[in-house]
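I would like the entire structure built from these sequences, with the hints used as guidance.
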Amino acid sequence: MVDATPRSHRDVPPAEVPEVELYHPRSWWTTYVFSQDAKVIAIQYAGTAIAIGLVALVLSWLMRLQLGFPGTFDFITPEAYYQFITMHGMIMVIYLLTAIFLGGFGNYLIPLMVGARDMVFPYVNMLSYWVYLLAVVVLAASFFAPGGPTGAGWTLYPPQAILSGTPGGNDWGIILMLVSLILFIIGFTMGGLNYVITVIQGRTRGMTLMRMPLTVWGIFTATVMALFAFPALFVACVMMLFDRLLGTSFFMPALVEMGELLRYGGGSPILFQHLFWFFGHPEVYIVALPAFGIVSDLISTHARKNIFGYRMMVWAIVIIGALSFVVWAHHMYVSGMHPWFGFFFATTTLIIAVPTAIKVYNWVLTLWRGDIHLTLPMLFALAFIVTFVNGGLTGLFLGNVVVDVPLSDTMFVVAHFHMVMGVAPILVIFGAIYHWYPKITGRMLDERMGQFHFWVTFIGAYAIFFPMHYVGLVGVPRRYPEIGAEAFMTAPVGGLNAFISVAAFVVGFAQMVFLFNLLWSLRHGREAGSNPWRATTLEWQTPTTPPPHGNWGEERPLVYRWAYDYSVPGAPQDFIAQNDPWPDRPARRP
Amino acid sequence: MSAVLVFLAVVIGFSFWWLYHQKVMEKPWLERGVHTALPETDVSGMPTAKIALAVFLAVVGSLFALFASAYFMRMNYADWQAPPMPRLLWLNTGVLVMASVALSCAVRAARDGQRALVRLGLAAAGLASLVFLAGQLFAWHSLAAAGHYLDVNPANGFFYLLTGVHGLHILGGLVALARSMGRAWTREVPAERLRLGVELCAAYWHFLLFVWLGILVLLAGWAGDLIALCRQILA
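These protein sequence lines are chains R and F, in that order.
Per full-length UniProt numbering, the first sequence starts with residue 1, numbered consecutively.
Per full-length UniProt numbering, the second sequence starts with residue 1, numbered consecutively.
The set of hints was computed from the structure by calculation and includes no laboratory data.
Ideal Cβ positions, reconstructed from N, Cα and C, are used throughout, including at glycine.
Be careful, since some hints might not be right.
Label-pair restraints from in silico Cβ distances [claimed, not checked]: (1) M489/R with L5/F: 38 to 44 Å; (2) G265/R with L213/F: 28 to 34 Å; (3) A54/F with M512/R: 14 to 20 Å; (4) R523/R with S2/F: 40 to 46 Å.
Have a look at this one:
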């Protein structure tokens, strides 16, 4: 054992612990609505994200109705289908996944896990949520605008995004989408500054960076990435808004539409693609890194074993974060780029598999000879590992130019990115909710409903996306609302598409059971106590559960050890909390 | 995308340097005891607000680096025709420099505890910034009067876009400056708090001045010459 206490004094040096300036709410409104408490903001963020995510879920059902049973439903016109695709993709990636990981889990867990009383700028934090809500409202408003929401595809590629042939291109749809994204980015920047500065400055005594749980590392790194990646989307949105509203030609080349020369001329659509993917690729890891972090903690806690290779895990997170800024053009192999350019990006893409593989090995090695409890969080964590490896492997295929070019416009790509950044992070979100719900509400989620939810979701997700790889390899193009027996397809896929659709409806239904469980267990769940999983991290050591505003009662905790002291030989219990000085007595308080 | 990559390389380099000094090489599973971690025991550490401003300015920097990247990519096309630079921009630049100088004086005065001088410095900076904004609007007006509208050429679009985004950042800064002025005119505010606010304002203004000089280099077309020179040297 290395004693990390400073040499000169055996006890903790007297430290001035300034009373943290907390805005203490005075009324119902400031306690629950305009709250500056990070935990309330977290629940607001997560609730809003799940609500708008349900809209995206319904949209995916509508798309599957069309793909599985083409020609049956008259109201799903090709235009409507494109609108469904666009809104489904945008909502899921940005308004659900990004918001729930960083705004939801970030807000709830960062202050608790680093032993802070709240975020460092609570007022800005509150503003962040309200701007996010405004962004969601503006986005939802586009469903009711004349012409409906935009149908430009979630990548919003110009020139088609703002032409009259695209749904919403000449109407309000695209404008509302761009404005909503700009608002989201402004709101996120406010929140993101808080998460980063709280990790840098808000840690309690003894909580060095290398003692932080990997959840915090994941969210911290993802936030830093998001702070530097979202400006690219911001720039792209502002410039496209100029093109659409003020007639500039940043992205718009000279075009003839309906036999009429448009006012645009000379713009570069490729420029938009560069800007978009300069944001878009880091976005994959903005969603994945928090998931990596959370799943590490779930596995360690529920296998009662310290995480294998903690340092490597931290470095891998940081290196993935840095590398993800130099791979963006692998989304653009079919844009007519120079082959050497493609070669460079294929190389960087494959390099990123190295730190990612380190993480996967470390998860598996943590499980190795662990005391694995097949609790719901653990089930979801295991499902995540399998799914992430699956999706990651097809990513290696697609990262190569020669493989990507023929597959780029097929359902194979759809299957790939749904596996790796759809299903995998969402499995982690579920696992995390089953894990931390007892802390948030004081009650456990119902086990039987949870088991049903897990097995249907896990097996169902594979029933949806495994066949989809095959559908893609057969040659079914993505983005097509309807396909017949096209000559280029090597086998008929009608039956398979119907099967995928039925699986999608079943999986969707299981999510309703999950939502019911969330509400039902609020009242009827088993009492959880303060630390039902016997976990080491600080959020489980709060004096009261659920933690009140300010989190820690009289004194903030002192941290004596890292976050993974499970099954330590000789210890009285199979875990030692981070604020437990065992085998010493607690240090004298100043 | 070279401009933003260079910018990010600097950011990533700094982050790695910072992480290195945060003892990321240590083996936490071998240690035990209470570290004296930030911020409670490290009194000499920077105030939280300063670190937050630094991170925020890095984000703003990446925004402008991205605009610059887009500018460089677009300017290589054949139809690129940069608008003439209004002479007024040089005067505006001078005014913005004056605002920065005034804030530097205010910081010095705040450190010495001379409240009257702080007030003078803040007021001068605010006034200069307002003059700068008005000057920018005049520059727009003169360009438009000469027929260089926003949608005539992408170069014009970039001109209005870059100056506009920069102006909006100055405008946002003026809100913070007004709050600092409120503090300077309130007797009860402790000198420490006033000083922090003035220092933050000054840092923000220096940064925006730096960004403005960068924009000026871009718009005046010197950046192209500079890159051509570099290429010649490399070749």
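Could one say that the CB atoms of G265/R and L213/F fall in the range 28 to 34 Å?
holds (32 Å)
If I claimed the Cβ atoms of R523/R and S2/F lie 40 to 46 Å apart, would that claim hold in this structure?
Violated, at about 58 Å.
Could you tell me whether the CB distance from M489/R to L5/F stays inside 38 to 44 Å?
Given range 38 to 44 Å: holds, Cβ gap about 41 Å.
Can the suggested window of 14 to 20 Å be confirmed for the beta-carbon pair A54/F and M512/R?
Given about 46 Å between the Cβ atoms, the range is violated.
Of the numbered hints given earlier, the model fails hints 3, 4; all others are met.
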